[in-house]
Amino acid sequence: MIKLTETFGKYGGIWTEDCFKHIARDLGERCSRILEAVDFNSEFQVLSRFMKISKPTIHDLGEPFKLSKAIIINNQGVLLNVIGGLLLAKKLGVSLVVTGARTKEHALASVLISVKLNIPLKIYLSRSLSGDPELLNAVKSLGVEVDGETCKSLYDVPEMYAFQDWFKKPGEVFFLPEKANVGPYPFPSLCEHFYSYLGRFIEEDVREALEDGYGVRIIVAIDSGTTALGIFSAFLEKKISLYTVELDDWKERKEVLVDNCCTLTKGFREKDNTIHRVLAPKLVHLWEVGRIRRIFISADKLSDFQKFFAKERGILVGRASSMVLATALDMEKEHTEDRIFTVIRSPVVGVL
Amino acid sequence: MNRIDKLFEKFRSRDDKPFLTYLPCVDPSLKETLDLADFYVRNGVDFIEVGVPSILPWLDGRTIQSLHRRACLAGVTTDHVFKVSSLLRKKYPDLPLIPMTTYSTVYSYGVENFCERCEEVDVDAVIIPNYPYVFGGDPHNFVKYLDEHGIYFINFIDGLTLGPKGSEQYELLVKMIRLSKGFIYMPTRAGITGGHGALPYEQIRRRIEKVRKIQEAVGVRTPILLGFGISKPDQVREIVKAGADAICVSSAILRRLELGRDEAGKLIRVLKEATKIK
Chain V
1 MIKLTETFGK
11 YGGIWTEDCF
21 KHIARDLGER
31 CSRILEAVDF
41 NSEFQVLSRF
51 MKISKPTIHD
61 LGEPFKLSKA
71 IIINNQGVLL
81 NVIGGLLLAK
91 KLGVSLVVTG
101 ARTKEHALAS
111 VLISVKLNIP
121 LKIYLSRSLS
131 GDPELLNAVK
141 SLGVEVDGET
151 CKSLYDVPEM
161 YAFQDWFKKP
171 GEVFFLPEKA
181 NVGPYPFPSL
191 CEHFYSYLGR
201 FIEEDVREAL
211 EDGYGVRIIV
221 AIDSGTTALG
231 IFSAFLEKKI
241 SLYTVELDDW
251 KERKEVLVDN
261 CCTLTKGFRE
271 KDNTIHRVLA
281 PKLVHLWEVG
291 RIRRIFISAD
301 KLSDFQKFFA
311 KERGILVGRA
321 SSMVLATALD
331 MEKEHTEDRI
341 FTVIRSPVVG
351 VL
Chain Z
1001 MNRIDKLFEK
1011 FRSRDDKPFL
1021 TYLPCVDPSL
1031 KETLDLADFY
1041 VRNGVDFIEV
1051 GVPSILPWLD
1061 GRTIQSLHRR
1071 ACLAGVTTDH
1081 VFKVSSLLRK
1091 KYPDLPLIPM
1101 TTYSTVYSYG
1111 VENFCERCEE
1121 VDVDAVIIPN
1131 YPYVFGGDPH
1141 NFVKYLDEHG
1151 IYFINFIDGL
1161 TLGPKGSEQY
1171 ELLVKMIRLS
1181 KGFIYMPTRA
1191 GITGGHGALP
1201 YEQIRRRIEK
1211 VRKIQEAVGV
1221 RTPILLGFGI
1231 SKPDQVREIV
1241 KAGADAICVS
1251 SAILRRLELG
1261 RDEAGKLIRV
1271 LKEATKIK
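From first to last, the protein sequence lines stand for chains V and Z. The opening residue of the first sequence carries number 1 in my numbering; numbering runs sequentially from there. The opening residue of the second sequence carries number 1001 in my numbering; numbering runs sequentially from there.
Some clues are possibly wrong.
Said to hold, decoys possible - Below, in silico cross-link-like pairs of lysine-lysine (DSSO-like), each with a Cα-Cα straight-line distance of 27 Å or less:
# : chain 1 : residue 1 : chain 2 : residue 2
1 : V       : Lys307    : V       : Lys69
2 : Z       : Lys1175   : V       : Lys169
3 : Z       : Lys1232   : Z       : Lys1276
4 : V       : Lys168    : Z       : Lys1175
5 : Z       : Lys1266   : Z       : Lys1010
6 : Z       : Lys1276   : V       : Lys169
7 : Z       : Lys1010   : V       : Lys168
8 : V       : Lys168    : Z       : Lys1091
9 : Z       : Lys1266   : Z       : Lys1276
Simulated from the structure, these hints should not be mistaken for laboratory data.
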């Protein structure tokens, strides 16, 4: 049986009331059984083809890179997660799916797939998304219930409101997490499970390098850590060095637990420009046990790299991807016999 | 003897029930908060949940969430809340005070520090609904430290805990009942604080009955307090009839406060009056 990581607390999602643990555990077991079933997998594949999810492309990076390759991932993880989550909800027989959206990709994917699967969906939009008329029109015209006001008037945490709706009626409602850093078990594990298809997509290419006798390193930039977990999940048992990279632009870094999901924060108050960055709990665990190494890159170094790449190659790469590429370039100097896989998005301008 | 036990002892010979409400700490000068506490006591509130601002109060509904947000934006900290508690303790030596928040707030403050401060300011219990004391086996020794400092940890028991006899849920329930101190907090329905609409009285009655039976079997008699979504006197009467030992009304009073103290005072008095068994 597919075993979702059943952990309550720091490594498995937020803690809830004692009373809720059985609900969560039962849901986890039911989800595991459904995920294991042949019909789930075949329907998942059909929907993935319907949504035209493509395998990430792997490119040589060209000069000045000598050892690194680029694995280009765009919105595949988002789609896999939404397809998996909504299909699961349908199999569970719930009467409503609730989700919170911070990204347009998640909002649109949720709406499209809920319409395709004929599942009622309620979506909470973040402040910035709720100001996007094109998105609002698309969501409303497809008959999805949309709440664009709550995040504007209170906390800008759409997933919390969606999660609360599940918490009120756990037997009738399914919570669709956008990332692997929200909710209690089994939600982070479910999200991680669907994102893990990213790792499976590239497993063969990475294995080839390993079989050719190279040391292999994979670098992923993190926001919530969901994509990184998805990519790394295929390689946790193998002799591959795994790295996450983050921007080191915080003067005061403090790590706390937000109801036992690790968060990094500058402070606690919005008036001080608080950043609450809640991370996927399993990622924190893998850092702590040393399986994934954590790299920080300065804003100046990042800017230098972006300028260099623009001047020399005529390519503008996004911030997260630039962090990964700059790290790979550094790594090449030390590990001259290795193969380095960088997980990036398509350049904003230009072609790699 | 803990003030909560004394309170319930005192109410045994009375025909009304203890009435709990929520005191938001939204003003760093503390004046507004202390003033509100005085107002509560004057109008018949018997014990107070002191709200500790949380950065992500996901267990609360919109009314209390907005107060957490106001507090955080105003710079109210956990220490402010301890200060309020300390001042209230001086003014009301017999009033049970119960800080309430999510566990992340306790963890960020430091579990041992939090328990020490609770003892220093002389509060009686804490309500931290998402700390997995029983199911999780007190993973951070939080309840152990609370015990060492003479502070009660209030257990939450709701409908989701009530599995059939022999089930894992049932065993959990028995354990929770055995370990309960002060009172058992029983939400009228699952979920978050506040809410509108009809309450499931028959379910509530059955739940209370089930807990009572287990209490008899294990030889404890911790009082049962009902809260969440209660806003009207007839709801209070029905819940008392169903067997509740105490009532908590928070969001409805906080909403009424927006209309003014007179209105809120009337509501508290009428709700408190409704706890009387005729």
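Original post:
Keeping to a limit of 27 Å between CA atoms, is the pair of V/Lys307 and V/Lys69 held or broken?
Top reply: Roughly 20 Å separates the two Cα atoms, so the pair holds.
Subject >> Pair hint Z/Lys1175 and V/Lys169, alpha-carbon separation not exceeding 27 Å >> reply: Answer holds: Z/Lys1175 to V/Lys169 is near 25 Å, not above 27 Å.
Original post:
Holds or violated: Z/Lys1266 with Z/Lys1276, Cα cutoff 27 Å?
Top reply: With a Cα-Cα distance of about 16 Å, the restraint between Z/Lys1266 and Z/Lys1276 holds, given a limit of 27 Å.
**OP:** Measure nothing beyond the straight line between the CA atoms of V/Lys168 and Z/Lys1175; if it is 27 Å or shorter, mark the hint as holding.
**Re:** Holds, at roughly 24 Å.
**OP:** Assess, step by step, whether the Cα of Z/Lys1232 is no farther than 27 Å from the Cα of Z/Lys1276, and give holds or violated.
**Re:** Holds - the C-alpha atoms of Z/Lys1276 and Z/Lys1232 are around 14 Å apart, at most 27 Å.
Original post:
Between Z/Lys1276 and V/Lys169, is the straight-line Cα distance small enough, at 27 Å or below?
Top reply: violated, 32 Å
Subject >> Straight-line alpha-carbon gap V/Lys168 to Z/Lys1091, limit 27 Å >> reply: Answer violated: V/Lys168 to Z/Lys1091 is near 39 Å, above 27 Å.
**OP:** For the pair we were handed, Z/Lys1266 and Z/Lys1010, check the Cα-Cα distance against 27 Å.
**Re:** Holds, at about 24 Å.
Original post:
Taken at face value, is the distance from the CA of V/Lys168 to the CA of Z/Lys1010 at most 27 Å?
Top reply: This hinted pair is violated, its Cα atoms lying about 35 Å apart.
Hint compliance for this structure: hints 6, 7 and 8 are broken, all remaining hints hold.
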